[in-house]
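Chain residues, written in single-letter form:
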Amino acid sequence: MERSGCQILIETLIEQGVTTIFGYPGGQVLNIYDELYKNNHRINHVLTAHEQGAAHAADGYSRASGKVGVCIATSGPGATNLITGLATANSDSIPMVAITGNVPMELIGSDSFQEVDTFGLSIPVTKHSFRVDNVENLAETVQEAFRLAKSGRPGPVLIDIPKNIQLDKTEYSPTGIAEKTPDPKPDTALLDQALEMIYESKRPIVYCGGGVINANCSEAATTLVEKTDAFMVCSMMGLTAMDNSHARYLGMSGMHGRFAATKAISECDLVIAAGVRFTDRATGNKKKFASNAKIIHLDIDSAEQGKNIDATLQIPGDLGFALNYITSKLEPQKHPQWEETVNSYKNKTKDYTAPNGCLLPWEVINAVNERATPETNIATDVGQHQMWVAQYYNFKNPRTFQTSGGLGTMGYGMGAAIGAAVATGNKTVLFTGDGSFGMNLNELATAVSQNLPLIIVILNNGVLGMIRQWQNLFFDNHFIASTLERKTDFVKLADAFGATGLRASNPEELNEALDKAFALSSPVVIDCLIPDEENVFPMVPPNGSFDNIILK
Amino acid sequence: MSSDQQFAVSIIVSNQSGALTRISSLFSQRNFNIDSFTCGVTNNPEVSRMTITATGDANKKEQLLKQISKLYDVKKVELMTPENTILRELLIAKVNATGESLQTILDAANVFRSKVVDMSPESVCIEMTGESSKLNAFLTYIAPYGILEYCRTGLVAVERGSKCLYVVD
Ligand SMILES: Cc1ncc(C[n+]2csc(CCOP(=O)(O)OP(=O)(O)O)c2C)c(N)n1
Ligand SMILES: [Mg+2]
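Here the protein sequences line up with chains Y and D, keeping their order.
Read left to right, the first sequence gives residues 35 to 586 (the working numbering).
Read left to right, the second sequence gives residues 46 to 214 (the working numbering).
Keep in mind that the hints are not guaranteed to be accurate.
To be verified - Below, in silico cross-link-like pairs of lysine to aspartate or glutamate (DMTMM-like), each with a Cα-Cα straight-line distance of 25 Å or less:
{"no.": "1", "chain 1": "Y", "residue 1": "219", "chain 2": "D", "residue 2": "91"}
{"no.": "2", "chain 1": "Y", "residue 1": "261", "chain 2": "Y", "residue 2": "314"}
{"no.": "3", "chain 1": "Y", "residue 1": "368", "chain 2": "Y", "residue 2": "217"}
{"no.": "4", "chain 1": "Y", "residue 1": "261", "chain 2": "Y", "residue 2": "373"}
{"no.": "5", "chain 1": "D", "residue 1": "115", "chain 2": "Y", "residue 2": "373"}
{"no.": "6", "chain 1": "D", "residue 1": "120", "chain 2": "Y", "residue 2": "49"}
{"no.": "7", "chain 1": "D", "residue 1": "120", "chain 2": "Y", "residue 2": "170"}
{"no.": "8", "chain 1": "Y", "residue 1": "328", "chain 2": "Y", "residue 2": "314"}
{"no.": "9", "chain 1": "D", "residue 1": "120", "chain 2": "Y", "residue 2": "581"}
{"no.": "10", "chain 1": "D", "residue 1": "111", "chain 2": "Y", "residue 2": "581"}
{"no.": "11", "chain 1": "D", "residue 1": "120", "chain 2": "Y", "residue 2": "217"}
{"no.": "12", "chain 1": "D", "residue 1": "111", "chain 2": "Y", "residue 2": "344"}
{"no.": "13", "chain 1": "Y", "residue 1": "203", "chain 2": "Y", "residue 2": "49"}
{"no.": "14", "chain 1": "Y", "residue 1": "363", "chain 2": "Y", "residue 2": "303"}
{"no.": "15", "chain 1": "D", "residue 1": "115", "chain 2": "Y", "residue 2": "581"}
{"no.": "16", "chain 1": "Y", "residue 1": "321", "chain 2": "D", "residue 2": "91"}
{"no.": "17", "chain 1": "D", "residue 1": "179", "chain 2": "D", "residue 2": "49"}
{"no.": "18", "chain 1": "Y", "residue 1": "219", "chain 2": "Y", "residue 2": "352"}
{"no.": "19", "chain 1": "D", "residue 1": "120", "chain 2": "Y", "residue 2": "178"}
{"no.": "20", "chain 1": "Y", "residue 1": "320", "chain 2": "Y", "residue 2": "344"}
{"no.": "21", "chain 1": "D", "residue 1": "160", "chain 2": "D", "residue 2": "145"}
{"no.": "22", "chain 1": "D", "residue 1": "115", "chain 2": "Y", "residue 2": "221"}
{"no.": "23", "chain 1": "D", "residue 1": "121", "chain 2": "Y", "residue 2": "49"}
{"no.": "24", "chain 1": "D", "residue 1": "105", "chain 2": "D", "residue 2": "91"}
{"no.": "25", "chain 1": "D", "residue 1": "115", "chain 2": "Y", "residue 2": "174"}
{"no.": "26", "chain 1": "Y", "residue 1": "203", "chain 2": "Y", "residue 2": "303"}
{"no.": "27", "chain 1": "D", "residue 1": "120", "chain 2": "Y", "residue 2": "221"}
{"no.": "28", "chain 1": "Y", "residue 1": "322", "chain 2": "Y", "residue 2": "303"}
{"no.": "29", "chain 1": "Y", "residue 1": "320", "chain 2": "D", "residue 2": "49"}
{"no.": "30", "chain 1": "Y", "residue 1": "341", "chain 2": "D", "residue 2": "107"}
{"no.": "31", "chain 1": "D", "residue 1": "115", "chain 2": "D", "residue 2": "145"}
{"no.": "32", "chain 1": "Y", "residue 1": "363", "chain 2": "Y", "residue 2": "253"}
{"no.": "33", "chain 1": "D", "residue 1": "111", "chain 2": "Y", "residue 2": "568"}
{"no.": "34", "chain 1": "Y", "residue 1": "430", "chain 2": "Y", "residue 2": "409"}
{"no.": "35", "chain 1": "D", "residue 1": "111", "chain 2": "Y", "residue 2": "221"}
{"no.": "36", "chain 1": "D", "residue 1": "115", "chain 2": "Y", "residue 2": "167"}
{"no.": "37", "chain 1": "Y", "residue 1": "380", "chain 2": "Y", "residue 2": "581"}
{"no.": "38", "chain 1": "Y", "residue 1": "341", "chain 2": "D", "residue 2": "118"}
{"no.": "39", "chain 1": "Y", "residue 1": "219", "chain 2": "D", "residue 2": "123"}
If you are wondering where the hints come from, they were derived from the structure by calculation, not from laboratory data.
Could you build all of it, start to finish, from the sequences and the hints given here?
This is the structure in structure tokens:
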């Protein structure tokens, strides 16, 4: 049957299993929106407040569900507003498809109204991008975009569709869902070498990153920890790779890692690294990172191997296959000495209690934790609050943590939390900072219009805390541009947006507010007043190592 | 740390609009030091062939190869080893040539087995192909006579023997 480009686009999206798309309309996508109107019983559109919010929502949707998140924007400013969202997803290897309309092909290059080189802009921030120049290729391009987004190392893919292609007609017949290309199998000879290295090790660490989450290998990773009698250390992207209450879970290492995790990495004799890319924030000084250890580096992307760190053994290929192969062959190991040593490092850092009953960030996080279920989504923005959540929150299930790891995008949280809540229907808590929330708080409107079960916890320290921390530690307390002398009343603000606004300045008020918020299933903002001088510790200064760790 | 070396890489890339942009964008994204970059059609209308020469240590070289091969439009990437590769570059040089210098330049052109492709009362244009070292030697020799301008294509590279970089199956 003959169909227009718009019809083909919507049909192929539905074919790919897309049920929700986040977006914002404009001149060059109006025809697509008209098809969304006609198909609103088959595909749900969530209108955000800003295209950046739509991109982060598609990203959060993907992280929470494992499905490909989809967003749509018009040409020009719509497309440029997506860029930060694409870059965020690209840094964290999140499968997404972004659709942009563009001016008709005959106008491209003439600086016409709302024309921008979306394709060119998207290149460095996507896994790949397509510009469709013939309606006959449209269905195939959409399928290919989905296949690409989820295959191999996942990532965001952009499809730019000029207006005339949306209107052109061609024959169309459904072809079904684009299957993920099977991941290449790792070389079993290399995996056998890995087994040998595990047998030789007396102080093993399993080091997991976002790749473990993307490949849905949490169980295999946990089994590996147990059979190797190792401990698990994570990068921030890998925090949900294992039930955090497992006795062998040490959590995040690196710049703001937990003491035991960073110490264990510095003392172990073997790192089995799975789906991590050893960035500067995670390793500190690369020469001193795990300097007593051999490293086995498992990753789907061979370009990661040898990029930041020269592992002893590099094994490219399917992570799930690699982990299952190793765990199925491995004779269970016992390392009681190592167990005892590492356990003695746990709880080395004491949380100090608040002077005269004021609220401390970890108290807020723990109080949320007590009320949450294993399914509760936890999203964050970027700053000190993000690090505290990474350090203190006790995650149970994979995919329940949405945070911008690689790009560190302030303003990510609102969109991401909305996406996660839409994807799962589960209670979602966003921990944000007063600075970060200011970046995209407009999305509160979206949370309200969608009536999402979203609790926004603002760890309000009155400062750009992470900036202040660096000025405090490395710039002689030159507090420039980090003190937010604002008069924003977040309770009134929540009210103005049609959400519930609450405030807590001590533990009692906090408990009361959280009880109320968890009982509601609509958006709630809790303004938590915390001291401004609190710093995130431990801290390994940039390019430092465990030897330079600052504990308080 | 190994030291910096120049190396040549051949790339087969599908003829998609934007394929070139994506590859050249990679160089700035990853801070690769590209010395030359050529691209042209091949006997297969679906693909183009590029030759890149770059400078870097072993690590940079490996990253460049891996990152390029990850690109969607890229069908094949190969490092061209000097021993096993025909490497050629084209130079057109416009040289000041008046009076007695004219004969010296024509002699040099002859020795370097190049062609004179244009002459004017003040200048000659010389076209030369060869490995980059030969072109460099020629340019050094004629420099004292005054080079007005020159243009080099950058290297193209093909492996010796009957093996081909890319065969469609
Ligand atoms: C878009 C963006 N701009 C700037 C930064 C740099 N930055 C990192 S953390 C931070 C401060 C965050 O302040 P806030 O959200 O209040 O969190 P806090 O550190 O106080 O918990 C800034 C400005 C960033 N990460 N992202
Ligand atoms: Mg703050």
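So, going through the hints one by one against the coordinates:
1. Y:219 with D:91: The hint is violated at about 29 Å.
2. Y:261 with Y:314: 30 Å, violated
3. Y:368 with Y:217: This hinted pair is violated, its Cα atoms lying about 32 Å apart.
4. Y:261 with Y:373: Holds, at about 13 Å.
5. D:115 with Y:373: 41 Å, violated
6. D:120 with Y:49: 28 Å, violated
7. D:120 with Y:170: Within the cut-off at roughly 23 Å; holds.
8. Y:328 with Y:314: At roughly 19 Å apart (the allowed maximum being 25 Å), residue 314 of chain Y and residue 328 of chain Y satisfy the hint.
9. D:120 with Y:581: 46 Å, violated
10. D:111 with Y:581: Violated. Residue 111 of chain D to residue 581 of chain Y sits at ~34 Å, over the 25 Å cutoff.
11. D:120 with Y:217: Distance of about 18 Å is within 25 Å: holds.
12. D:111 with Y:344: The hint holds at about 15 Å.
13. Y:203 with Y:49: Holds: residue 203 of chain Y and residue 49 of chain Y sit about 19 Å apart, inside 25 Å.
14. Y:363 with Y:303: Given pair residue 363 of chain Y, residue 303 of chain Y holds - Cα atoms ~21 Å apart, limit 25 Å.
15. D:115 with Y:581: At roughly 37 Å apart (the allowed maximum being 25 Å), residue 581 of chain Y and residue 115 of chain D break the hint.
16. Y:321 with D:91: 46 Å, violated
17. D:179 with D:49: 22 Å, holds
18. Y:219 with Y:352: 5 Å, holds
19. D:120 with Y:178: 16 Å, holds
20. Y:320 with Y:344: Satisfied, since the Cα-Cα distance of roughly 10 Å is no more than 25 Å.
21. D:160 with D:145: 19 Å, holds
22. D:115 with Y:221: 19 Å, holds
23. D:121 with Y:49: 32 Å, violated
24. D:105 with D:91: 30 Å, violated
25. D:115 with Y:174: Measuring from Cα to Cα gives roughly 21 Å; hence the hint holds.
26. Y:203 with Y:303: 63 Å, violated
27. D:120 with Y:221: 23 Å, holds
28. Y:322 with Y:303: Holds. Residue 322 of chain Y to residue 303 of chain Y sits at ~13 Å (cutoff 25 Å).
29. Y:320 with D:49: 21 Å, holds
30. Y:341 with D:107: Within the cut-off at roughly 9 Å; holds.
31. D:115 with D:145: 56 Å, violated
32. Y:363 with Y:253: 16 Å, holds
33. D:111 with Y:568: The hint is violated at about 43 Å.
34. Y:430 with Y:409: Roughly 8 Å between the alpha carbons, so the hint for residue 430 of chain Y and residue 409 of chain Y holds.
35. D:111 with Y:221: Satisfied, since the Cα-Cα distance of roughly 18 Å is no more than 25 Å.
36. D:115 with Y:167: 24 Å, holds
37. Y:380 with Y:581: 17 Å, holds
38. Y:341 with D:118: 22 Å, holds
39. Y:219 with D:123: Status holds; Cα separation ~22 Å.
When held up to the earlier numbered hints, the structure conflicts with 1, 2, 3, 5, 6, 9, 10, 15, 16, 23, 24, 26, 31, 33 and fits the remainder.
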